[in-house]
Amino acid sequence: MEWLYRTGVGAYHLAIRAAARLGNDQARQWVQGRTRDVRADIEALHAANRPILWLHAASLGEFEQGLPVLTELRKQRPEWAVVVTFFSPSGYARRQDTEHADLVAYLPKDSPRAAREWVSLLRPRLAIFVKYEFWYYHLRALHRAAVPTFLVAGSFRPGQLFFRRYGTWSRRMLDCFTHLFVQTEADRGMLAGIGYQNVSVTGDPRMDRTAELAATPFVDDRLAAFSSGQRVLLAGSVWPADVSIIQAAWPKLKSQWRLVLAPHQMKEEEIATWQEAFDADRYTGPDRGRSVMILDTVGILSRAYRYGTAAYVGGAFGSGLHNTLEPLSYGLPVIFGPRYAKFPEASSALARGGAFSVSSPEDFTGVVERFTDEQSYAESRAAQLAYREANRGAGRRTVAMLLRLLLLLLISLPAGAQTWTAAERLLSALDGTFAKCNLMVAVSGAEWRSGLCLTVAELGPGGTVSLDVPLQAGRKYVFVGSAEDSARDIDLLLRDTRGRIVDEDTEVDKTPVVEFFADSTAVYTLQLQLISTTDTSAFVSLGLLQTGGTPLPDSEYRTVSRQFAAAAGAVRAAGGARRFGSALNQWSVLGYLLGDENGATLENLHLPAGRHFFAAAAGENVQNLDLYLATDDYRILRSDADPDPYPMIEYDTSEPATFQLRTELVKSRGNALVLLGLFSQ
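Using our numbering, the first residue of the sequence shown is number 643, and each one after it goes up by one.
Worth flagging that the hints you see were computed from the coordinates, not collected in a lab. Ideal Cβ placement from N, Cα and C applies to all residues, glycine included. A few of these clues could be false.
What follows is a list of derived Cβ distance ranges for each label pair [claimed, not checked]:
id, residue 1, residue 2, range
1, Thr1295, Leu1226, 15 to 23 Å
2, Ala735, Thr1014, 38 to 46 Å
3, Arg1204, Arg765, 43 to 51 Å
4, Gly962, Thr1014, 43 to 51 Å
5, Ala857, Thr1163, 54 to 62 Å
6, Lys1309, Asn840, 20 to 28 Å
7, Gln802, Leu1027, 29 to 37 Å
8, Arg1204, Ala735, 35 to 43 Å
9, Thr1163, Glu827, 54 to 62 Å
10, Pro980, Glu827, 22 to 30 Å
11, Phe1159, Ala1084, 13 to 21 Å
12, Thr1014, Asp921, 21 to 29 Å
13, Gln802, Glu1016, 38 to 46 Å
Assemble the whole structure, with the sequences as input and the hints as a guide.
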């Protein structure tokens, strides 16, 4: 099968080159575009140290379909560079200067060598293929390079090779995708039937794009005058087969309707023929007051639908129905031909009464006459608008899940695979505290405090950070401070409820220890201060022990701390975090010892305006760990309650505010250490 595939791809390239030599304009563009050398452009992106996102679409239509996803990704990750490739000239010619990409190019030939060299040159952080772009060697090269690869707006049909008995080789392409985002439950069901579970239904991103266009102001005086006070049937992307149906039905309809014909191909001979057949005006010509207009221009059809009463969308008498979502976004009932099975949005529109399929002039006449009945028309229009509102947000949903999956994928890598100097410094401080606390466990008889037991903050010289801790009467507590190597002196103070110092360690060293016996139950305040450092800042850490506490094995701490380092690197790589915590002199990591189905709440969490991230990591004995961000009056703003041990929340706040952050250990085998990190851009 692979030999047949390679032969077919090679034969296609030869045929296109032959057509180009014979004067075919599109073939000539296809060949010439692939001679452009983009290596210097790509190397410039690497030199700027920008992670590369590669999006591939077959043509202009697929690019527009993936654009809401790309737009949302650029909004979430503005530091990424975007490289867009097309297979066909229609996309490249119309979007080679798009503001949505740093580089636009043609997809290199799908051969083992060309695909391998392209992926080696591009070195993308992730790759996105739109709808039904399946190129075996490019997907294989991405897979072998361990590049996270996603299909967005995926659409499948039972007749595709993937679902045939002899489709084993074709399914290798599906194996290369990290995750498949599909349009409908039917798509997910087909893939589940052949064993694929890495599938999510997020909808059709075109709905976002078309709804955005519909909401964008647009005024066209010519179309406004033509449609004023009239019923207008706007026939978009029509071919000769479509026009012949409309032409045969038009004599019975023209007394009550006006007609706009928008050709799919701007062929002068076809336009001239239609102008004569309908006695039509041209949009680009003089206004002679005719009831039929030919929209002989490009680039305004998607916005022109707002001047229609109903729409006809062409292509379904031929090889493929064109975009029915554009008129739907304006609430227009839609008519199209009989060949729509490959287009799930068309089938859905038919089922809900917003669209109608016709096979003859008589069918066409009956449907258009139906629209003259106010109730029937209102029902069809309401069905279209309801579908629009129910299906908006596919781009946002896709990106939210994509970034979440990318984060989990990065977390699953070894800690060393995600390097971040700040994380290494923080871990150094945390390791020091753990080691010194274990020495105190051996000599003092105390164990680790249940609940909050470890904290880390980044302090500037002279900086101070405080922690309110409830202490129980009759127990001995040991508090141990430590710091990374650059710190020279840190102090630790314990204050009572009146703010009086009840114990302290202010010796000139970076290992302060306070041992305290609580004679009354109360909330005390621990104060850790960085007195001096050889750097502009230093990570300091605090460990909390108590009699009657909980053991924390060294092996568990090592596993969780390394897992947390990987999570921190992943939040930086996939989320764009630039620092721990939201500012200097604030706690940035909290360690909890929790039992199964227990939790802990960080109250009075002060966040400045900006983007913030919260991520937690736990050991191998934890199956499910959840995070919740809430207002100070307990209204949940964000949550990650997915059944996994790697929760992450991203939250933007427009102004400084106070929050609560809840960590819940939903399922584990016994007690577990959880490290919770706070990050910001």
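Going down the list of hints, with the structure as the test:
no. : hint                             : verdict
1   : Thr1295 with Leu1226: 15 to 23 Å : holds, 19 Å
2   : Ala735 with Thr1014: 38 to 46 Å  : holds, 41 Å
3   : Arg1204 with Arg765: 43 to 51 Å  : violated, 26 Å
4   : Gly962 with Thr1014: 43 to 51 Å  : violated, 30 Å
5   : Ala857 with Thr1163: 54 to 62 Å  : holds, 59 Å
6   : Lys1309 with Asn840: 20 to 28 Å  : holds, 22 Å
7   : Gln802 with Leu1027: 29 to 37 Å  : holds, 32 Å
8   : Arg1204 with Ala735: 35 to 43 Å  : violated, 50 Å
9   : Thr1163 with Glu827: 54 to 62 Å  : holds, 55 Å
10  : Pro980 with Glu827: 22 to 30 Å   : holds, 25 Å
11  : Phe1159 with Ala1084: 13 to 21 Å : holds, 19 Å
12  : Thr1014 with Asp921: 21 to 29 Å  : holds, 23 Å
13  : Gln802 with Glu1016: 38 to 46 Å  : holds, 43 Å
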